[in-house]
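Peer 1: Below are the chains, spelled out letter by letter.
There are 2 protein chains.
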Amino acid sequence: MNTNRINSWLPSANIAGCEFPLANLPYAVFSCGNEKHYIGVGIGDSIVNLCALEEAGLFDELDLCLRDAVKQQALNQLMGLGHSHWTALRLRLVELLSKNTYQNQVEPCLIPQVDVSFHLPCQIGDYTDFYTSVHHATRVGSLFRPDNPLLPNYKWIPIGYHGRSSSIRISGEAFKRPVGQLKAPDAECPELGLCKRLDYELELGIFIGKGSQLGTPVSMVDAEQHVFGVSMFNDWSARDIQAWEYQPLGPFLSKNFFSSLSPWIVPMEALAPYRCDWTRDSADPQPLDYLDSKVNRDKGAIDIKLEVWIETAKMRADNQPAERLSKSNFKESYWTIAQMVTHHTVNGCDLKPGDLLGSGTQSGPNHEESGSLLELTAGGKAPITLSNGEQRSFVEDGDRIILKGYCGDDQLKIGLGQVDNLVLSGSKPE
Amino acid sequence: MNTNRINSWLPSANIAGCEFPLANLPYAVFSCGNEKHYIGVGIGDSIVNLCALEEAGLFDELDLCLRDAVKQQALNQLMGLGHSHWTALRLRLVELLSKNTYQNQVEPCLIPQVDVSFHLPCQIGDYTDFYTSVHHATRVGSLFRPDNPLLPNYKWIPIGYHGRSSSIRISGEAFKRPVGQLKAPDAECPELGLCKRLDYELELGIFIGKGSQLGTPVSMVDAEQHVFGVSMFNDWSARDIQAWEYQPLGPFLSKNFFSSLSPWIVPMEALAPYRCDWTRDSADPQPLDYLDSKVNRDKGAIDIKLEVWIETAKMRADNQPAERLSKSNFKESYWTIAQMVTHHTVNGCDLKPGDLLGSGTQSGPNHEESGSLLELTAGGKAPITLSNGEQRSFVEDGDRIILKGYCGDDQLKIGLGQVDNLVLSGSKPE
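Protein sequence lines, in the order shown, are assigned to chains A and B.
Add 399 to a position in the first sequence, counting from 1, and you land on the number used in the numbering used here.
Add 399 to a position in the second sequence, counting from 1, and you land on the number used in the numbering used here.
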């Protein structure tokens, strides 16, 4: 169904450039002043409460499992139902939000987005972070190995590693600069101190819907049947803690002090019009058979525009607006979502509804399209100058970092929302 | 309370060398032929059903939160209550299982261990694997860097990395040899194939009880207040998958195809008599202040004896018993449990009830005390010969690997139970 040009009876959903037109319908979990959480779907400037729709009898024709799932306080149960159920729910929502005959019944279930609090959309069992931008991997690698920036496995394997679920939070939460063991290159011993090289990472968050069984790989053909949708994700990183701790087993405390998601999960169906071909340079290794498929080559990539913005304490004090630091696009990713899912399960690893895959920092081919300050400032050696004259090597206390993502253009936009965090000063443990 | 010499009215608990005397009382989650799971405590050859004790009115004097927690189907709620509640429950269980006056009431709540099925004891939110054996790190490092086996950070940081929770299973489950990208050193390209270098890792599993808040480090003084107990843990590893994938972000598919726990969680109180001093060689760096405490130096280590056994398909066919491959002791660990917890949270990372910390492979100072085949066979170059003449470089299809752990001696033993898995042949995806 092409919903791109269908209008809603809710005027705010039809305004050019609105992030939440009828063609989007992203999921979120929210509350309104009390403890109860609800599943909602974004439309225009509002969110529609799915539990309220069900209680109003508007889902009576849907399967019982779906009617039960929308009443939960987290998305895991709906995620686990699988693709055909997600489609059935989406079709019904389009009907309810487009046909004037439903307006009177649906309106009481709408709440202005500004009046709700957002929560994590699901219990995230496991979080895996990938490293799918070859431009990011090359620029970061060149800081450490100028002659040989990319490791030999990069073009063969969608590199990934396990992350920490417990410290993932929703957009809007502030956090304290972390403490950790730091060792300056010329110091004899490490010491405990406040992170001096705090950085953001511009990532897409990919949510697993239907799970898979331990011992049963998911093929490329089936991979996207297991994907519920995408969010924006900031994989906050302490570069100095990472440099000292990460050999030989990878990042640990440099990554698990705080990570953050946008409140919205945009369904894969809403992204369908923005799919594009995924190509592999003929000079590069072609993917091994298990990571290759015609569908993936034809439509594996997705044109999702990504941006990083900063608002410093001085900008706030001076009433200046936030400033864009960089932009890039997920279509540049060296590996696709299907390849991440298939690679993750080729050894039999199981996936569960609500698991999160980070795409890894999405940087474009040009330096100014870098998705981290580590790249933009060449490891801190070339600070950037903001329009108000302030300089940044890494993120400073009082900085707000805002990641944004969307498909489309100023006429029809599919927004992924934003992930927005303020960095507070930290304190060293006694 | 010293329960070491108190006898139970259950004769099997008092037999010399029994793994589950009254001084142990390890927790497990079990079922008896239907879907309902129960929390139980091991005693002698039996398990006592805590929900049944509560329903019989035998916990009426305990706090309501505790009485509710023991009726759950997983341990997370009990874990989250904290130390004083765990102690109160333990004291009551000792009373019920030692005083003859309770025998008639408690006996209907006892089930022979051989008649139950065990399940994961809790929902494991996050699993972190440490690398605390300096002997393991040195021997593994020497395979790759003979002149400089230990990396510079090792003696300063309790090295850890995030693992996968979803693929952790309970002892007794068989699993298929995993598939993955492999690249022989002399091959031009990698290929998808069955793992040829499958290995076990002899680890302790450490369960977090009471959680901690994001942004709030846990000090060394408080660290063990957050620890519920310990299990045996096999961190199954595909060495050839790991060698090709792990740069630069650490192990991924080489570790997440299957991991396995013993069914029992031994409470920290049961281990108290086996605490011993933790020393740091004067030639080594002393721990940074945040990782140091007098209690840790006096009693931070624990004398837990660890063993690896193998039963090959041929042994089974020939009716030969399993054979011990190695033994080691957790007291040799370079870092203690308190140091793992404190380091994990120093950056503000939060812990949740039921989180699992793997100790990392526990190898002793001597080669024959190696906790992995990678070490025992020098990376496969020096196969070991079993008593029936079979050789092993790595684990083969049909091998059963059994890890065992216990404190004490043949008179009074505190068993951690065993983790026992059979390796099945794998198949390459089409």
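The set of hints was computed from the structure by calculation and includes no laboratory data.
A few of these clues could be false.
Pairs involving identical chains hold if they fit within one copy or between any two copies, as the list cannot separate such chains.
Here are the simulated DSBU-like pairs of lysine-lysine, each with C-alpha atoms no more than 30 Å apart in a straight line [claimed, not checked]:
1) Lys609 - Lys435
2) Lys827 - Lys693
3) Lys751 - Lys470
4) Lys726 - Lys582
5) Lys726 - Lys827
6) Lys435 - Lys470
7) Lys554 - Lys812
8) Lys435 - Lys780
9) Lys751 - Lys698
10) Lys470 - Lys693
11) Lys435 - Lys751
12) Lys609 - Lys751
13) Lys582 - Lys730
14) Lys435 - Lys726
15) Lys498 - Lys595
16) Lys595 - Lys713
17) Lys575 - Lys609
18) Lys575 - Lys554
19) Lys595 - Lys751
20) Lys751 - Lys827
21) Lys698 - Lys827
22) Lys470 - Lys704
23) Lys704 - Lys582
Peer 1: Hints first: check each against the structure and report whether it holds.
Peer 2: Tested hints:
no.	hint	in the structure
1	Lys609 - Lys435	both (25 Å within a copy, 24 Å between copies)
2	Lys827 - Lys693	between (53 Å within a copy, 21 Å between copies)
3	Lys751 - Lys470	both (20 Å within a copy, 26 Å between copies)
4	Lys726 - Lys582	neither (32 Å within a copy, 36 Å between copies)
5	Lys726 - Lys827	neither (34 Å within a copy, 41 Å between copies)
6	Lys435 - Lys470	both (11 Å within a copy, 25 Å between copies)
7	Lys554 - Lys812	neither (33 Å within a copy, 53 Å between copies)
8	Lys435 - Lys780	neither (48 Å within a copy, 60 Å between copies)
9	Lys751 - Lys698	within (25 Å within a copy, 40 Å between copies)
10	Lys470 - Lys693	neither (38 Å within a copy, 52 Å between copies)
11	Lys435 - Lys751	both (24 Å within a copy, 22 Å between copies)
12	Lys609 - Lys751	both (7 Å within a copy, 25 Å between copies)
13	Lys582 - Lys730	between (37 Å within a copy, 29 Å between copies)
14	Lys435 - Lys726	neither (37 Å within a copy, 52 Å between copies)
15	Lys498 - Lys595	neither (55 Å within a copy, 60 Å between copies)
16	Lys595 - Lys713	within (20 Å within a copy, 58 Å between copies)
17	Lys575 - Lys609	between (35 Å within a copy, 23 Å between copies)
18	Lys575 - Lys554	between (36 Å within a copy, 28 Å between copies)
19	Lys595 - Lys751	between (36 Å within a copy, 28 Å between copies)
20	Lys751 - Lys827	between (37 Å within a copy, 23 Å between copies)
21	Lys698 - Lys827	between (49 Å within a copy, 27 Å between copies)
22	Lys470 - Lys704	neither (33 Å within a copy, 50 Å between copies)
23	Lys704 - Lys582	neither (37 Å within a copy, 36 Å between copies)
Checked against the numbered hints above, the structure breaks hints 4, 5, 7, 8, 10, 14, 15, 22 and 23 and satisfies the rest.
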